[in-house]
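Chains as they are written, first to last, in the working numbering: chain A, 1 to 193; chain B, 1 to 263.
Derived by calculation from the structure, the hints in this document are not laboratory data.
Errors might be hidden in some of the hints.
[Stated by the list, open to error] List time: in silico SDA-like cross-link candidates among lysine to any residue, alpha-carbon distance up to 25 Å:
id: 1; chain 1: B; residue 1: 158; chain 2: A; residue 2: 15
id: 2; chain 1: B; residue 1: 180; chain 2: A; residue 2: 82
id: 3; chain 1: B; residue 1: 158; chain 2: A; residue 2: 157
id: 4; chain 1: A; residue 1: 119; chain 2: B; residue 2: 159
id: 5; chain 1: A; residue 1: 54; chain 2: B; residue 2: 158
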Amino acid sequence: MAVQAGEKVLLTGPSGCGKSTILRCLLGFVAPEAGSIHIQGQPLTEHSVWSLRKHLAYVGQEPDLGLERIAHILERPFHYRANASLRGNLQRVPELFEQFDLPQSLLDKEAGDLSGGEKQRVALIAAVLLDRSIFLLDEATSALDKASKQNVTDYFRTRDDVTALFVAHDSEWFSFADQMIQVHPDRGERGTT
Amino acid sequence: MTIVDIGNWQLAAAYLLLAFPLAIMLWYRIPMVGQTALALVRMTVQLIFVGLYLQVIFELNIIWLNAAWLLIMVTVADVSIIRTCSLKLRPLMLPLLAALVAGTAIPLLLFVGLILRRDNLLDAQYAIPIGGMILGNCLRADIVGIRTFYEGLRTGEKAFLQSLAQGALLHEAIRPHVRKACQAALAPTVATMATIGLVSLPGMMTGVILGGASPAIAIKYQIVIMICIFSGTAITVALGLWLTAKRSFTPYGPLDRTVFRAS
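Could you build all of it, start to finish, from the sequences and the hints given here?
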């Protein structure tokens, strides 16, 4: 399986076939039983994984944001050494909140008070703020209504510089994908366009 | 002033006091009578054996024997912490042993050498009771700290992995869990220090007074032992978390679940 820079790739297949596992393998959270993974030409190893993660952004179906205020949650990744130089990106928060149809007042709320859809959009904004070139989206908009899903796909449509691998079951994402890859539980992936 | 010995008959008479808790248990049918009887027998037998053994150690007062006794105590504490926290002995026994030795030895040697100015740093009269008090507190703190850390990681694994996915290094991703574990482990000692002398007379002070010293001397011992206990628990918990963490994660970052004992 190969994905070119800038491509938007949808992983499809029945439940339990390994779509999410592929994304987790790319993050180094699951070791592949066979084969190897290369990201931007570099093999994913126990040494390279720490620097390769600086190219990746991951948003899951049920993001665990913790219990803190949203403003603090968005700031947290910038305390990590890898993201320290990107701290200025926090200035884009108001613009991204507008883009993803979230009220600014949400910044002062605690994560526990947010709905599933709001949490997903906050997790997406947190990922976007990190300026990564590869997005791994695992049913990242499953709790959103049609209009909000459209907002998200519209945003990524404008980002030619971003590669995205995503798992989704919604029509918005199907029409958005450049390539669809069918994942089979026994045989691994088989690509279709 | 010297301490009054307790005769065997007088010691036996002390057991008569147990009539009160036993009567309460029987009256209210609290299902703890068997458990209590077993605990009393264990307490008596264990203390008789320890008393006999310590008597020999105190009379001989050989450095290596005193050190060996302290090491046995530390090893028993080590195994007890790992078992209580449902972790596996093999990968974590040595790192935690090192943390317990550091947490006990550093304050103990400073107390005996620097403050009491004893030539023999492992003098049985001082090293064994003081070491025992520090170690007992290190054991309690490590159980709270290690358990809080690993349970927090287990229940909050999704958030921990999200931190790694956002580019955190391992030490950055586990920092909130280390902070929470240290806080949980140190809080009881901080609370004890804040109320000491008001709520109860502390153990060492009581012992020193019973041993024949004046309360003025006893409080000085108590202040030093509290500082030693607090420092020892901080050292052992921080070091214990750091050293065990080195063996508890895969090279890619996620928690290595093989360190947990199957429940």
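Hint check:
1. B:158 to A:15: The hint holds at about 20 Å.
2. B:180 to A:82: holds (24 Å)
3. B:158 to A:157: violated (28 Å)
4. A:119 to B:159: OK: residue 119 (chain A) and residue 159 (chain B) at ~13 Å, within 25 Å.
5. A:54 to B:158: holds (19 Å)
The structure fails to meet hint 3 from the earlier list, while all remaining hints are met.
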